[in-house]
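Top to bottom, those sequences are chains A and B.
Counted from 1, the first sequence has number 246 at position 246 by our numbering; the numbering is strictly sequential.
Counted from 1, the second sequence has number 232 at position 232 by our numbering; the numbering is strictly sequential.
Note that these hints are calculated values from the structure, not bench results.
Don't take every hint at face value.
Said to hold, decoys possible - The calculated EDC-like cross-link candidates involving lysine to aspartate or glutamate, where the alpha carbons are at most 20 Å apart (straight line), are:
#1 A:256 with B:72
#2 A:257 with B:307
#3 B:79 with A:91
#4 A:257 with B:72
#5 A:257 with B:27
#6 A:248 with B:82
#7 A:169 with B:9
#8 B:63 with A:253
#9 A:256 with B:307
#10 A:168 with B:60
#11 A:248 with B:75
#12 A:256 with B:19
#13 B:77 with A:91
#14 B:150 with A:253
#15 A:257 with B:19
#16 A:248 with B:60
#17 B:282 with B:307
#18 B:74 with A:253
#19 A:257 with B:60
#20 A:256 with B:75
#21 B:79 with A:253
#22 B:20 with A:253
#23 A:26 with B:19
#24 B:77 with A:253
#25 A:168 with B:91
#26 A:170 with B:9
#27 A:256 with B:27
#28 A:170 with B:307
#29 A:168 with B:19
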Amino acid sequence: MRIKTLLRAIWYYCFIGGWKARTAYKANFAANIASLLLSVATYYFIGYSIIYQKGIIRYGTDSPLGFLLSGILLTRIVNPFRLYFPLTVKDFYYLYSRPVSPALILLQEWISAYIWFAGIEIVVYSAILASTQNLNMRPESLLAFITLCVLMNIGYNLFESGLTYITKKKTPILFARQAVHLLFSGELFPVTALPTPLQQIAFLYPYTWTYIAWRKILFAAITITDPDFIAFTAASLVMFLLGLTVFKIGYNEIYKKGLVL
Amino acid sequence: MQSKAIVVDHLWKIYTGREKNIVALRDVSFSVSKGEVVGVLGPNGAGKTTLCLILSGLLEPTKGTAYIMGEDVKELKRKACEKYVALYLAEHMRLWNAFIRLPALKYLEAVGAIRCIEGDLKKKAEEALKKVGLWEWRNEWPSRFSAGMKRKLMIAETLMYELPILILDEPTVHLDPASCIEVWDVLKELARSGKTILLTTQNMEEAEYLCDRILLLSKGNIIASGSPHEVKKLMKYEKITVKVSPRSREFVRLLEKIEDIVEVMQVKDVEDGTLAVVRSIKGSVEPSTLVKLAKSAGLKVLLLSYEELSLSDAFRILLKGDKNENKDLA
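Chain A extracted, bound-state conformation (with noise of 0.2 Å):
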């Protein structure tokens, strides 16, 4: 191949076809630059929180190591209900158009993605936290949390697939649901780290609490009157029950106006 055709697909590859897919549409454009800088801040305040171990205690635990596994597990365990929902705009008619309830479709799926790719990451992920960490539970605490967490997950699914119905824009709602999970929830580091008033924000943010009560059930064996726990189940009910309003509107929005525009 002669270098000058080389350095030409490079040009064209780099800078007109590369600058143009990224510049084409206004959302993926405003997208990459937030993602840009959202990973700055999110690897900031991970090596801001565990070079100073700030706020780790919060969540029951003074282990770095134990505070990024649990976190990370979590997000495998709840990740089939997130990834693999596909009540979005373009499995609409893939769930509606069977005779059958739209649920037991979307459970085949999570069971599937449990069955052939999340299984095995929990696995792992479970056996270095038992294996690395001084875990301390209950039983009935854990039971009551993977309960609440399914109906957490499901509700704001559903509220992120009624609002994609409403609004017929996916790209921005799924960046603004990464962005919001990266950096609210508390599953790469602590809420503590952020600045105060992003703290307050990360107080409304539903999975707060989820990651809350996740490390403090399987570190500091809290029961389920305990007032984090109390707080997770509030937030569990309030999602659901918001998610499934949400989506019975958009539902609405699609049967009367379609998805065609």
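Using the hints provided, position chain B relative to the given structure of chain A.
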């Protein structure tokens, strides 16, 4: 109405957008008898999928309504899908993820179990697999099937649901010709067994092969309807193929000057001359006229044939002109 599986009554669908509204269906009326196979033909954006979705209760009509087995779809909503209509949207359908690594026979049994079908599920799954011609592959995983085989399995799946009406939206889109023919044979077999089928397609050959009756849809209007033969007869035109020697484009210009020749559809220089296909008003252009014309230009006619327009030609002509004229032959 009892003998009718589907009745569409002055149906309108207008999609409202921020900048403009799109009329997807414009005062559409027709009916489908039980056991009939009706094809809805139309180009992209004609309103075919919109019609399928309304008939399945997944989309609200703006005006007018439709009845499925005598029940109003506006009342039924999604229950239309649960009670009467097996809807197959080629662009949106996927196999059940949880069962794609089961043998095909077990896949269908599992689907039947989830639908709570009563009776001997295994027997029903066997029958469905035989009907779609996948019996030989009953022990294979659907995840390993070709695209055509997956389509056939999905049609078998809709059979397992035991619903009286089958609505198929472009069932053979993106399939290779061999797979298309396989799917057509399955649908032909289903039609013979008395299933009511409404299918949308852009493929004239498919419509001609499968349908008792076709509806030509363009920009939300039914521009013609009838059996494939009737739609072709609807045309007052015929196709004349004429080959002259030696090669001559001048002859084509002379043809265009004949008043009853509506259009020159095709001109091709072949090895021993020039071949022209023209559309003319039926019976108006005599063979002797064309021979004389060729002679006057110093040419010899090697081939002259008259034939009926194909459904594809008829469709193209109907779309081009007479747009607002509803020609109902049914």
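Now for the hints, and whether the structure bears them out:
For the given pair, residue 256 (chain A) sits about 16 Å from residue 72 (chain B) by alpha-carbon distance, which is consistent with the 20 Å threshold. Taking the CA atoms of residue 257 (chain A) and residue 307 (chain B), the gap is near 46 Å; set against the 20 Å cutoff, the hint is violated. For the proposed pair residue 79 (chain B) and residue 91 (chain A), the alpha carbon gap of about 19 Å is at most 20 Å, so the pair holds. For the proposed pair residue 257 (chain A) and residue 72 (chain B), the alpha carbon gap of about 19 Å is at most 20 Å, so the pair holds.
The hinted pair formed by residue 257 (chain A) and residue 27 (chain B) meets the criterion: a straight-line CA distance of about 18 Å does not exceed 20 Å. As the CA atoms of residue 248 (chain A) and residue 82 (chain B) are separated by approximately 19 Å, the hinted pair is consistent with the 20 Å bound. At most 20 Å may separate the alpha-carbon atoms for a hinted pair to count; residue 169 (chain A) and residue 9 (chain B) exceed this at roughly 34 Å. Of the pairs offered as hints, the one joining residue 63 (chain B) and residue 253 (chain A) holds, with about 17 Å between alpha carbons and a cut-off of 20 Å not exceeded.
A distance of roughly 47 Å separates the Cα atoms of residue 256 (chain A) and residue 307 (chain B); the hinted pair therefore is violated under the 20 Å criterion. For the proposed pair residue 168 (chain A) and residue 60 (chain B), the alpha carbon gap of about 18 Å is at most 20 Å, so the pair holds. At roughly 17 Å between alpha-carbon atoms, residue 248 (chain A) and residue 75 (chain B) fall within 20 Å of each other, so this suggested pair holds. Restraint check: the Cα-Cα separation between residue 256 (chain A) and residue 19 (chain B) comes to about 18 Å, which is no more than 20 Å; the hinted pair holds.
A hinted pair counts as satisfied when its Cα atoms are at most 20 Å apart, and residue 77 (chain B) with residue 91 (chain A) qualifies at roughly 18 Å. With a CA separation close to 32 Å, the supplied pair residue 150 (chain B) and residue 253 (chain A) exceeds the 20 Å bound. With a CA separation close to 15 Å, the supplied pair residue 257 (chain A) and residue 19 (chain B) stays within the 20 Å bound. Under the criterion of a C-alpha separation no larger than 20 Å, the hint pairing residue 248 (chain A) with residue 60 (chain B) is consistent with the structure, at around 15 Å.
Distance restraint check for residue 282 (chain B) and residue 307 (chain B): the Cα-Cα separation of roughly 10 Å lies within the 20 Å cut-off, and the hinted pair is therefore satisfied. The suggested pairing of residue 74 (chain B) with residue 253 (chain A) holds, with an alpha-carbon distance near 15 Å, which does not exceed 20 Å. The hinted pair formed by residue 257 (chain A) and residue 60 (chain B) meets the criterion: a straight-line CA distance of about 8 Å does not exceed 20 Å. For the proposed pair residue 256 (chain A) and residue 75 (chain B), the alpha carbon gap of about 14 Å is at most 20 Å, so the pair holds.
About 18 Å separates the Cα atoms of residue 79 (chain B) and residue 253 (chain A), which keeps this hinted pair within 20 Å; it holds. At roughly 18 Å between alpha-carbon atoms, residue 20 (chain B) and residue 253 (chain A) fall within 20 Å of each other, so this suggested pair holds. Only pairs whose Cα atoms come within 20 Å are accepted, and residue 26 (chain A) paired with residue 19 (chain B) is accepted, the gap being roughly 19 Å. For the hint linking residue 77 (chain B) to residue 253 (chain A), the alpha-carbon distance of about 13 Å falls within 20 Å, and the restraint holds.
At roughly 19 Å between alpha-carbon atoms, residue 168 (chain A) and residue 91 (chain B) fall within 20 Å of each other, so this suggested pair holds. Taking the CA atoms of residue 170 (chain A) and residue 9 (chain B), the gap is about 35 Å. The hint is violated against a cut of 20 Å. Distance hint between residue 256 (chain A) and residue 27 (chain B) is fulfilled; the C-alpha atoms sit about 18 Å from each other, no more than 20 Å. A threshold of 20 Å between alpha carbons decides the hint, and for residue 170 (chain A) with residue 307 (chain B) the separation of about 52 Å lies outside it, so the pair is violated.
Note on residue 168 (chain A) and residue 19 (chain B): the hinted pairing holds, with a Cα-Cα distance of about 15 Å set against a maximum of 20 Å.
Against the hints set out earlier in the document, violations occur for numbers 2, 7, 9, 14, 26 and 28.
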